[in-house]
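Those sequence lines, one after another, are chains V and S.
Note that the numbering used here has the first sequence beginning at 2, numbered continuously upward.
Note that the numbering used here has the second sequence beginning at 199, numbered continuously upward.
Check the hints yourself; a few may be wrong.
Claimed, not checked - In silico contact screen, one side only, chain V against chain S (beta carbon under 10 Å); selected entries: (1) GLY86; (2) LEU94; (3) LYS109; (4) GLU302.
Claimed, not checked - Computed list of lysine-lysine pairs in DSS-like fashion (alpha-carbon distance at most 27 Å, straight line): (5) V:LYS144 x V:LYS105; (6) V:LYS34 x V:LYS76; (7) S:LYS293 x V:LYS144; (8) V:LYS245 x V:LYS291; (9) V:LYS178 x V:LYS144; (10) V:LYS80 x V:LYS105; (11) S:LYS201 x S:LYS419; (12) S:LYS419 x V:LYS144; (13) V:LYS34 x V:LYS178; (14) V:LYS99 x V:LYS34; (15) V:LYS76 x S:LYS201; (16) S:LYS375 x S:LYS293; (17) V:LYS178 x V:LYS240; (18) V:LYS99 x S:LYS293; (19) V:LYS245 x V:LYS178; (20) S:LYS419 x V:LYS99; (21) V:LYS240 x V:LYS292; (22) V:LYS80 x S:LYS419; (23) V:LYS80 x V:LYS144; (24) V:LYS242 x V:LYS291; (25) V:LYS178 x V:LYS244; (26) V:LYS242 x V:LYS178; (27) S:LYS375 x S:LYS243; (28) V:LYS292 x V:LYS244; (29) V:LYS99 x S:LYS375; (30) S:LYS293 x S:LYS201; (31) V:LYS291 x V:LYS240; (32) S:LYS293 x V:LYS105; (33) V:LYS105 x S:LYS201; (34) V:LYS80 x S:LYS293.
Said to hold, decoys possible - Derived coverage of chain V by chain S (criterion: at least 3 residues anywhere in the stretch with Cβ under 8 Å from a Cβ of chain S; other residues may be distant): (35) 53 to 61; (36) 71 to 85; (37) 95 to 103.
Keep in mind the hints are simulated off the structure, nothing from the lab.
Please read all numbers here as calculations on a predicted model, not as lab measurements.
Note that CB positions come from ideal geometry on N, CA and C, so glycine has one too.
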Amino acid sequence: MDKTHSGALIQFQSVSKNYGSFHALRDVSFDVKEGEIVGFLGPNGAGKTTAMRILSGFFPPSSGRVFVCGTDMSKHPHKAKRAIGYLPETVSLYPDMKVIEYLKFVAKLKGVPAHELDGHVRSKMSFCGLLENGHRLIGRLSKGYRQRVGLAQALMGDPQVLVLDEPTTGLDPTQIKEIRELIRALGQNRAVILSTHILPEVSMLCSRVMMINQGEILASGTVPELASCLKDREAIHIKIKDKKDQHRALGILGSMPGVESLEVAEEVRGETFITFETSPDEDLRPRIMKKFLEQGISLTEIQRLQLSLEDIFLGLLKNGKVGRRFP
Amino acid sequence: MRKVLTIARREFSSCFHSWLGVLVASLFFLAAGIFFVILVLNYSKISMNPEQYGLSNFSGINQTHYIFGSFFSNLSIMLLFLVPILTMRSFAEEKRQETLELLFTYPLSDLEIVAGKQLGILLFFGALLLPLAGYLAVFHGIGGEFDWGPVGLGFLGFWLLGAAYSAAGVFISSLTKNPIVSAFGTFSVLLVFWIFDWVDEVVTGPWGHIFSELSPLAHYKNFALGILDVQDVVYFGFFFFYFLFLTLRSTETRNWKS
Chain V
2 MDKTHSGALI QFQSVSKNYG SFHALRDVSF DVKEGEIVGF LGPNGAGKTT AMRILSGFFP
62 PSSGRVFVCG TDMSKHPHKA KRAIGYLPET VSLYPDMKVI EYLKFVAKLK GVPAHELDGH
122 VRSKMSFCGL LENGHRLIGR LSKGYRQRVG LAQALMGDPQ VLVLDEPTTG LDPTQIKEIR
182 ELIRALGQNR AVILSTHILP EVSMLCSRVM MINQGEILAS GTVPELASCL KDREAIHIKI
242 KDKKDQHRAL GILGSMPGVE SLEVAEEVRG ETFITFETSP DEDLRPRIMK KFLEQGISLT
302 EIQRLQLSLE DIFLGLLKNG KVGRRFP
Chain S
199 MRKVLTIARR EFSSCFHSWL GVLVASLFFL AAGIFFVILV LNYSKISMNP EQYGLSNFSG
259 INQTHYIFGS FFSNLSIMLL FLVPILTMRS FAEEKRQETL ELLFTYPLSD LEIVAGKQLG
319 ILLFFGALLL PLAGYLAVFH GIGGEFDWGP VGLGFLGFWL LGAAYSAAGV FISSLTKNPI
379 VSAFGTFSVL LVFWIFDWVD EVVTGPWGHI FSELSPLAHY KNFALGILDV QDVVYFGFFF
439 FYFLFLTLRS TETRNWKS
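I would like the entire structure built from these sequences, with the hints used as guidance.
In structure tokens, the structure reads:
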């Protein structure tokens with residue numbers, strides 16, 4: 002390992018990727034250190050998969066450099082790739098192979114020496130809970146087990162860096178929990194990058210979040226850090242029973258000091274949802290309830306919402322404006 | 199090299215994992231058997247009464263030449279159908295199943311991947327030829343006499359022709375995501391090469407000569423006749439490595455496609 006790289010296992014240095022005139026990634030730079038689990042967050046087409054494919058050595062960036070464990074991916078692709086385990090978005094494995102046969106195939110390709118092969122494959126299988134399924138055909142496995150085989154192949158050769166593209170998509174809740182536990186265990190002495198669009202997953206698993214949109218990193222930091230940027234706002238959401246009262250309710254709310262971004266969020270079966278933002282210093286709810294009562298507007302729900310990762314994310318997507326959350 | 203062999207082994211065994219591979223192997227074995235039996239029976243019929251077939255001097259007809267000459271040229275026609283099926287899955291199927299993506303992220307060079315896949319197909323094709331040796335044994339057992347040299351060369355030529363064709367097939371497979379498209383594409387390309395063989399019958403002069411020199415069949419015929427010419431070996435080598443090179447280039451296109 003190269004000492005000059007200060008322990009960062011992954012380094013992106015102003016990486017860009019263009020497909021013709023389309024910019025999938027623009028000047029992206031970041032570092033990931035050992036023991037970190039970094040979450041890539043972004044809408045579909047944001048560039049998450051492109052970034053991961055570049056990192057995994059599937060294709061080179063149009064410009065910029067990628068270092069894995071201090072090795073330049075473009076100069077020594079073999080050495081760099083050996084340090085990486087990659088789980089692609091759609092875990093596609095050879096359906097006509099048996100689990101153990103496939104994992105041995107991968108282990109050989111990743112350069113695991115012949116005399117360690119059996120033990121190595123077995124240890125990864127037991128880690129991923131696959132020991133009892135070694136002789137089943139991959140094509141006959143359930144999605145959850147296929148995901149485990151995918152994870153096991155990523156772990157072959159004990160890579161220092163794991164790149165997991167949407168590792169929990171399409172799994173049932175129990176399987177999601179199991180995979181998350183595996184990832185958490187793996188993250189302790191490695192650098193893990195995972196992409197997801199399940200926001201709670203990021204706050205549960207990741208020590209750091211990177212939000213990507215249109216090929217650029219919008220924000221990067223721990224979940225509390227990102228939340229603190231937007232702490233001065235909070236959202237209140239109100240549900241009124243009668244649609245006819247909507248106008249009067251908006252009038253009342255509009256005249257209150259500190260109410261911003263007032264809008265009708267949704268109308269469902271005559272009920273109206275109204276959302277707005279205030280500063281968290283003063284709780285407006287008692288005043289609102291009192292006024293509505295005086296005016297005879299039937300209020301069925303009033304809720305004060307803490308900003309979640311979702312709000313931060315949506316807020317950032319809307320150029321730094323604070324997001325709102327709908328029920 | 200270990201990695202190339204690992205990929206080749208997977209490729210080889212995946213041929214047996216599908217019904218298609220087994221079916222193709224059996225059909226090839228069966229069709230080759232039918233050709234062979236017909237040729238042997240024909241030969242024995244002619245040898246009983248050569249005059250009836252307008253052959254006054256039977257001694258001019260050589261057993262090896264009559265049976266194996268025709269046998270290998272029949273087999274070369276079968277290759278037009280066999281090779282597209284053998285090679286259609288090599289890259290196209292992996293692209294369709296998206297298993298290729300993972301392969302490219304392993305510490306492998308593109309050359310190792312392409313070479314491994316090509317080698318796997320060559321091995322499978324070689325394995326298809328092995329049962330044919332059984333026919334020879336039967337022929338020998340019923341009293342047939344032939345020169346081992348020309349027969350051995352015939353097999354070598356056939357394997358070289360198949361290797362060259364399959365390199366073209368693998369290249370076409372690397373261009374598409376659809377194995378069926380790959381099979382039809384390969385068939386068309388092989389058909390064009392097959393037509394090269396007749397061009398000099400229609401076109402005279404230097405063009406006709408150029409086309410017949412480019413035709414794989416013209417070079418293959420020498421082997422079937424028991425002639426080993428360095429030119430022919432070089433031709434097949436060039437054909438094979440040229441398409442291998444194209445396949446290698448084609449795998450690099452992933453760098454500029456999304």
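Hint-by-hint comparison with the structure:
1. With a cut of 10 Å, the hint placing GLY86 (chain V) at the interface with chain S holds, because the nearest CB-to-CB distance is about 9 Å.
2. Residue-level restraint check for LEU94 (chain V) holds (minimum Cβ-Cβ distance to chain S is 6 Å; threshold 10 Å).
3. Taking 10 Å as the C-beta cut-off, the interface hint given for LYS109 (chain V) holds, the closest approach to chain S being about 4 Å.
4. Against a cut-off of 10 Å between C-beta atoms, the interface hint on GLU302 (chain V) is violated, since the closest Cβ of chain S lies about 45 Å away.
5. The hinted pair formed by LYS144 (chain V) and LYS105 (chain V) meets the criterion: a straight-line CA distance of about 21 Å does not exceed 27 Å.
6. As the CA atoms of LYS34 (chain V) and LYS76 (chain V) are separated by approximately 21 Å, the hinted pair is consistent with the 27 Å bound.
7. Using a Cα cut-off of 27 Å, the hinted pair LYS293 (chain S) and LYS144 (chain V) holds, with the two alpha carbons roughly 20 Å apart.
8. Restraint check: the Cα-Cα separation between LYS245 (chain V) and LYS291 (chain V) comes to about 19 Å, which is no more than 27 Å; the hinted pair holds.
9. Restraint check for LYS178 (chain V) and LYS144 (chain V): the C-alpha separation of about 14 Å stays at or below 27 Å, so the hint holds.
10. For the suggested pair LYS80 (chain V) and LYS105 (chain V), the alpha carbons sit about 20 Å apart, so the restraint of at most 27 Å is met.
11. With a C-alpha separation of about 36 Å, the suggested pair LYS201 (chain S) and LYS419 (chain S) falls outside the 27 Å cut-off, and the hint is violated.
12. Straight-line distance between C-alpha atoms of LYS419 (chain S) and LYS144 (chain V) comes to about 53 Å, which puts the hinted pair past the 27 Å bound.
13. The suggested pairing of LYS34 (chain V) with LYS178 (chain V) holds, with an alpha-carbon distance near 25 Å, which does not exceed 27 Å.
14. Between the alpha carbons of LYS99 (chain V) and LYS34 (chain V) the distance comes to roughly 35 Å, so the proposed pair goes past 27 Å and is violated.
15. Restraint check: the Cα-Cα separation between LYS76 (chain V) and LYS201 (chain S) comes to about 21 Å, which is no more than 27 Å; the hinted pair holds.
16. For the suggested pair LYS375 (chain S) and LYS293 (chain S), the alpha carbons sit about 5 Å apart, so the restraint of at most 27 Å is met.
17. The hinted pair formed by LYS178 (chain V) and LYS240 (chain V) fails the criterion: a straight-line CA distance of about 34 Å is larger than 27 Å.
18. Between the alpha carbons of LYS99 (chain V) and LYS293 (chain S) the distance comes to roughly 20 Å, so the proposed pair stays at or under 27 Å and holds.
19. For the hint linking LYS245 (chain V) to LYS178 (chain V), the alpha-carbon distance of about 46 Å lies beyond 27 Å, and the restraint is violated.
20. Restraint check: the Cα-Cα separation between LYS419 (chain S) and LYS99 (chain V) comes to about 43 Å, which exceeds 27 Å; the hinted pair is violated.
21. Restraint check: the Cα-Cα separation between LYS240 (chain V) and LYS292 (chain V) comes to about 15 Å, which is no more than 27 Å; the hinted pair holds.
22. The straight-line distance between the Cα atoms of LYS80 (chain V) and LYS419 (chain S) is roughly 48 Å, outside the 27 Å bound, and the hint therefore fails.
23. The hinted pair formed by LYS80 (chain V) and LYS144 (chain V) fails the criterion: a straight-line CA distance of about 32 Å is larger than 27 Å.
24. For the hint linking LYS242 (chain V) to LYS291 (chain V), the alpha-carbon distance of about 16 Å falls within 27 Å, and the restraint holds.
25. Between LYS178 (chain V) and LYS244 (chain V), the direct Cα distance comes to roughly 42 Å. Violation of the 27 Å bound is thereby established for this hinted pair.
26. A distance of roughly 39 Å separates the Cα atoms of LYS242 (chain V) and LYS178 (chain V); the hinted pair therefore is violated under the 27 Å criterion.
27. For the hint pairing LYS375 (chain S) with LYS243 (chain S), the CA-to-CA distance comes to about 50 Å; that exceeds 27 Å, so the pair is violated.
28. A distance of roughly 17 Å separates the Cα atoms of LYS292 (chain V) and LYS244 (chain V); the hinted pair therefore holds under the 27 Å criterion.
29. Taken as a hint, the LYS99 (chain V) and LYS375 (chain S) pair is honoured in the structure, with Cα atoms around 24 Å apart against an allowance of 27 Å.
30. Proximity of LYS293 (chain S) to LYS201 (chain S) is assessed by CA-CA distance (about 20 Å); at most 27 Å being required, the pair is judged to hold.
31. Proximity of LYS291 (chain V) to LYS240 (chain V) is assessed by CA-CA distance (about 15 Å); at most 27 Å being required, the pair is judged to hold.
32. Pair hint LYS293 (chain S) plus LYS105 (chain V) holds up; C-alpha atoms about 22 Å apart against a cutoff of 27 Å.
33. Restraint check for LYS105 (chain V) and LYS201 (chain S): the C-alpha separation of about 12 Å stays at or below 27 Å, so the hint holds.
34. Proposed proximity of LYS80 (chain V) and LYS293 (chain S) is supported: the alpha carbons are some 25 Å apart, at most 27 Å.
35. Look at the segment 53 to 61 of chain V against chain S: 6 of its residues bring a Cβ nearer than 8 Å to a Cβ of that chain, three or more, so the hint holds.
36. With 6 residues having a Cβ less than 8 Å from any Cβ of chain S, the segment 71 to 85 of chain V passes the three-residue criterion, so the hint holds.
37. For a cut-off of 8 Å, the count of residues in the segment 95 to 103 of chain V with a CB near a CB of chain S stands at 4, and the three-residue condition holds.
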